[in-house]
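Taking our numbering, I'd label the letters of the sequence shown as residues 17 to 75.
Treat the hints as calculated values from the structure; they're not laboratory data. A few of these clues could be false.
[Said to hold, decoys possible] In the BS3-like style, the derived pairs of lysine-lysine whose C-alpha atoms are separated by at most 25 angstroms in a straight line are:
#1 Lys-35 x Lys-47
#2 Lys-38 x Lys-50
#3 Lys-35 x Lys-21
#4 Lys-26 x Lys-38
#5 Lys-50 x Lys-35
[Claimed, not checked] Each pair of labels, with its calculated beta carbon distance range:
#6 Glu-22 x Ala-56: 48 to 54 angstroms
#7 Lys-26 x Arg-54: 39 to 45 angstroms
#8 Ala-20 x Ala-56: 49 to 55 angstroms
#9 Val-30 x Ser-58: 37 to 43 angstroms
#10 Gly-19 x Glu-41: 31 to 37 angstroms
#11 Lys-38 x Ala-18: 24 to 30 angstroms
#12 Gln-52 x Val-30: 29 to 35 angstroms
#13 Ser-58 x Ile-27: 42 to 48 angstroms
#14 Asp-53 x Ala-18: 44 to 50 angstroms
#15 Met-48 x Ile-23: 34 to 40 angstroms
#16 Ser-29 x Asp-53: 35 to 41 angstroms
Owing to the predicted nature of the structure, the values given are computational and were not obtained by experimental measurement. Backbone N, C-alpha and C define an ideal beta-carbon position, used for all residues, glycine too.
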Amino acid sequence: MAGAKEIRSKIASVQNTQKITKAMEMVAASKMRKSQDRMAASPSLCRDHAQSDWSPCER
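Use the sequences and the hints to build the structure in full.
Here you go:
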């Protein structure tokens with residue numbers, strides 16, 4: 017059976033892993049939000065070519 021010191025060490029290790037995972041999730045969410053904002057701000061090919069004879073949206 018594991019001693020109290022080993023158990024405390026394991027708990028601390030798991031907590032540190034949780035902190036790292038949470039930070040990684042926050043970074044990913046920030047990057048996703050930034051990409052979505054950039055995509056929303058960029059001109060749409062469908063909108064720009066709506067008045068032309070050819071549109072990439074018509075397949």
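Now for the hints, and whether the structure bears them out:
1. Lys-35 x Lys-47: holds, 19 angstroms
2. Lys-38 x Lys-50: Status holds; Cα separation ~18 angstroms.
3. Lys-35 x Lys-21: With Cα atoms ~21 angstroms apart, Lys-35 and Lys-21 stay inside 25 angstroms; holds.
4. Lys-26 x Lys-38: holds, 18 angstroms
5. Lys-50 x Lys-35: holds, 23 angstroms
6. Glu-22 x Ala-56: 48 to 54 angstroms: holds, 51 angstroms
7. Lys-26 x Arg-54: 39 to 45 angstroms: At roughly 42 angstroms between Cβ atoms, Arg-54 and Lys-26 fall inside 39 to 45 angstroms, so the hint holds.
8. Ala-20 x Ala-56: 49 to 55 angstroms: 54 angstroms Cβ-Cβ, so the 49 to 55 angstroms window holds.
9. Val-30 x Ser-58: 37 to 43 angstroms: holds, 42 angstroms
10. Gly-19 x Glu-41: 31 to 37 angstroms: Check passed, 33 angstroms falls within 31 to 37 angstroms.
11. Lys-38 x Ala-18: 24 to 30 angstroms: Roughly 26 angstroms apart at Cβ, these two residues keep to the hinted range, so it holds.
12. Gln-52 x Val-30: 29 to 35 angstroms: holds, 33 angstroms
13. Ser-58 x Ile-27: 42 to 48 angstroms: For Ile-27 against Ser-58, whose Cβ atoms are near 47 angstroms apart, the range 42 to 48 angstroms holds.
14. Asp-53 x Ala-18: 44 to 50 angstroms: holds, 48 angstroms
15. Met-48 x Ile-23: 34 to 40 angstroms: Cβ of Met-48 to Cβ of Ile-23: about 37 angstroms, so the range 34 to 40 angstroms holds.
16. Ser-29 x Asp-53: 35 to 41 angstroms: holds, 37 angstroms
The structure is consistent with each of the numbered hints, conforming to all of them.
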